[in-house]
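In the order they appear, the protein sequences are chains A and B.
Mapping the first sequence onto this note's numbering, position 226 (from 1) lands on 1057, and the numbers just tick up by one.
Mapping the second sequence onto this note's numbering, position 374 (from 1) lands on 1785, and the numbers just tick up by one.
In short, the hints are calculated from the structure, not lab data.
Some clues are possibly wrong.
As the list claims (entries may be wrong) - Below, a list of computed lysine to aspartate or glutamate pairs in the DMTMM-like style, where the Cα atoms sit at most 20 Å apart:
no. : chain 1 : residue 1 : chain 2 : residue 2
1   : B       : LYS1529   : A       : ASP911
2   : B       : LYS1618   : B       : GLU1517
3   : B       : LYS1791   : A       : GLU1111
4   : B       : LYS1529   : A       : ASP1022
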Amino acid sequence: MILVNENTRLVVQGITGGEATFHTERCIEYGTEVVAGVTPGKGGIKWEGKIPVFNTVEKAVKETGANTSIIFVPAAFASDAIMEAADAGIKVIVCITEFIPALQEVKWHQYIRGKNCRIIGPNCPGIISPPAKCKVGIMPSYIFMPGNVGLISRSGTLSYEFTYQLTKQGIGQSTCVGLGGDPLPGSSFVDLLELFQADPETSAVTLIGEIGGTYEQDAAKFIKSTITKPVIAFVAGATAPPGRRMGHAGAIITGVASKASEKIKALETAGVTVVENPAEIGLAVKQALQAKKY
Amino acid sequence: MKIHEYQAKKLLAQYSVPVPKGDVARTPEEARKVAEKLGGQVVIKSQIHAGGRGNAGGIRKAKTTDEAEEIAKTLLGKKLITHQTGPEGLPVNAVLVEEIIKVERELYLSILLDTSAKLPLMIASEEGGMDIEEVAAKNPDKIVKEHINLVTGILPFQTRKLSYGMNLKLEQIRLAAGIMANIYNLFMEKDCSLVEINPLVVSTDGKLFALDAKVNIDDNALPYHEDISQLRDISQEEPLAVEASKIGVNYVKLNGNIGCMVNGAGLAMATMDFIKYEGGEPANFLDIGGGITQERVKNAFSILLSDANVKVVWVNIFGGIVRCDLVARGIIEAVKEKGMNIPPILLRMHGTNVEEAVQLVRESGVNIIFEPDFTQAVRKAVAIAKACEKEDL
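Isolated chain B, as found in the complex (with noise of 0.2 Å):
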């Protein structure tokens, strides 16, 4: 789970890590009242799920607090569309209102879980301020890493080793050192898979401030936090991904025209590659699934038919755990109650009780193509998108 930066750094001070003074604004009066508490000198930075913010004008500094008003004005409420954001952007209902930090050097230091070593690494590097694998790529001796054990949590020597890769002063040694520390306990009291400050900057006074901080959350604990669980801003998530997620099922958007819902995650992505194999392009990941009832597979449907972009529905099942006549009761109900007006619907089934699934279809009277072949299925759906693209045009 992804959360703000406003969130991150609010952890971080909890953690003792230093962050520029400032607040979460909601409104341009609540921004300008922050901004009048620091000063009136201030960053204003949007709040949404992606980076790239900088450069698409979704930072900007203020010289008074009339201008920091009028700024929050002019972000809030809007959609910022960044490079990670795709074009449609993503929305702006919070900004970031910070003391500006007069910055000496820019650093990075992250940590994350190796999963080929199987332990959390520390990463720390004098290049700070931008894409770490673009630093990784051109510079790969300017990066150290430094994995964590368990048992000893991060020892000293390796904070120093971590530092004098960021080229710190000696006294400045003893304040990363310290960050380090409380970096690693967030990571691991709040099972974070990331927790990335870039920059980590050198003020012209000396002292140490996370200036920008990503903290992502592991999906799978956040049942056992509660605190962070509360974080979630659905604002940031595609909609019809949200509803999936409330019934437990994975669902991503994509830009196609070929709706598909299979069980499994791997041969949900395969699905997608053949589509795109042959020529076609998928409207969305789906995974039903594995313990599924026929409430969620009717739920799952109805969001897949709910993506305007979809021209045709390829229904892909496996059936091990999952039982095709299930899945077939789920597709049936909810095309009944979508009524006539749906695009058609392509199913090729395997495995558990296929025949009573084949026949309830039959029964059903509601008109599904079955294809049991991988390749012709794949094919009729790909065919089906593209005369429903010239019947567009």
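Isolated chain A, as found in the complex (with noise of 0.2 Å):
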């Protein structure tokens, strides 16, 4: 497992916003220890009567030992959220908000340059570990089966589908991670492959690219020169028209690099299994941890 887990101690930024009331339900549901919540000037009241609210990250961490947050701020203030939960000592943030300006994250970016501290998303599903019941996102539970396979994703339905077909296939998971669609997420393929390959508890990872950005050309040579463990990829929208905003801002062909096209190439050179039938991932990681044991 990587990032979240048993020791998780997690707090909700914006947590009386009515998403947030939802999501954070669904987390403790699935046995997420949620210790607090922050949201400006309601410090004091306690979140559904049980979830003691803070009126900065700050004081949330000093009262109840938050080692991790999760966003759900308006796009206006989300930027000014994340440096308040890395200002705080927060290790690992979660930033689930969408539609935050691009030179807005350029400037936490740069904030946030030698704090020790992980940011995952912004405009994403977050992160779960089923072996340790614990979900920092907005996921639909049922569908993660505790297991061995690491799965990095940038967009979150497309992870939630290929999550599905590996459960279907009797495959586990040991932590799913959505870095989310933007252009600059907090954190790359290779930042998580490096947690993976650590990872005593993961034995292969999956990686569910797109279109847009160099990411997966990063992720290729860094396969090629330190991860030892299996990797089974996807690349999404070989078919999208270039210089069209496929949805998620990140994912718009800019240039010939930005091509689903060039980034298959890059991962297959680099010996990574890229499947091009969406159907079949499921089946890929089956086999790749098959042919491992033999």
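Build the complex from these two chains, which are given one at a time in their own frames, with help from the hints.
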């Protein structure tokens, strides 16, 4: 498992909002230890009569020992929320919020340099570690199953589709992470591949890329030099026309390198099994695991 | 969001970047008036949201005001087809009428967001007037790049490095440094995703001008810039995509005949890819997004059905946040409104409240084929689309 586990103590930033309330309940149901909420101006109340709400993340950390945060605040305030969590010493910060302007993201990227924290997202489904029954995100819990395959995806629903395929094949997951669809995600494939490589409970990694940027090429280079575990990949957007934003702010072909075909080529060169048929990810991972055993 | 060249140049002028004298015209008479003011000899540039205008005949020079009016008449109200517009072309509803600058050299200058370094990146080249990717491929050493730190902004030594990279003379470096600082400010203050001056020209009298300009704005930042949002020109966008954007749905029209409606961008792309993989052609990308309502599903579905090329519709939903029953209700409502004359609908659903959704579809009496298997669903869609094509022949 990586990033979240039995020791995760979660603070929910923006806990009193509608979506935050809905998903916080789902996280608690799944088994996550939610210790605090933060909503400026509402410090002192108890969310749903049970979780203490604070005015600042700093206070929440001090009072409850929170070490992980999930952010549901509106786009205009989300960058500030990320920096506040980083300042308060939160180690894993998951930002669900969509529609944050890219140049605001540049600011927090610059702010967190040198700070010991990891940002997942923004515009992502979050993190789930089924073996620890810990969910810091908005994914549908029932598709997950404890096991040894790690999953990293830029897209949310596509990661659900593929997780569902894995579970149907009887392949459980160690940790699944959604990097998010923004052009400047807090974490990259490389960051998480490094964690999965070091994680004794993960034996293979499923990587789900898409058009836009060059994160898959960076991943390919890193896999070639450092990763010894099998990696099975899919890259979405082979049929996407250039210059058009495909839903995600980051999913746009702006040049040759951002095309799916270039990413697939790079990954294959690095020894990654790239699946072309999106219905066969589960099967491909199964085969990779079997090949490894013998 | 894309904006027109004339709008980009107005923004540049606001930030003290020198641009040729000129003005936008929406009628031949207006074009004549602008040409008169500029002394008759002008260049007339079609305003569309695509490049390649020059080669497509969309940029022409006039020697007299009469000629300017004549050229404007031939350009305005027509569609211009360039290598970037696709075969349909884009409507020319405005032309930019500008003084003619006597050009000594064409350079390149731009600023964009480098997603790897997570910093703004300024790019300069002495090879202007052509696609910078082409220059990067053929002459990578003719390109100079500088990352800009947000705390310091662009530094004097960086402007010198970029200027020397463009082979500028000492007296022009001061001008170039000013332009660089100004486009950095424009980029940051207006939340641009790209400011590109191509070409930046040195005139025969040694001055610098932004001869052509492209400014793209980060869509996520539009709510914070009312002035910029007003620059949107929906005549340059696909009409169905405009309708979709009104209801907060992402829609991109493609050339195939299998309409798809999906939740989530990644799954929507994979759905298109899968159709192509199985030998079909997707008609569109449509991501209904996360926080949906029955109303939004219905409207999105209607948009999808209004594409006459669509022979079959494939709905592919993985409900997490999205409730399958809501999606089903929206589709049933849309189908009932449209009446009987609609293409076959294939439904694949998993996740939250899927049983209820299936039940609703059955009870509605609407003809929807439910196929939960990913591969079977795509194969059925492709088969139906191919059968319809044969019928059409």
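Which numbered hints turn out to be false for this structure? Result: no hint breaks.
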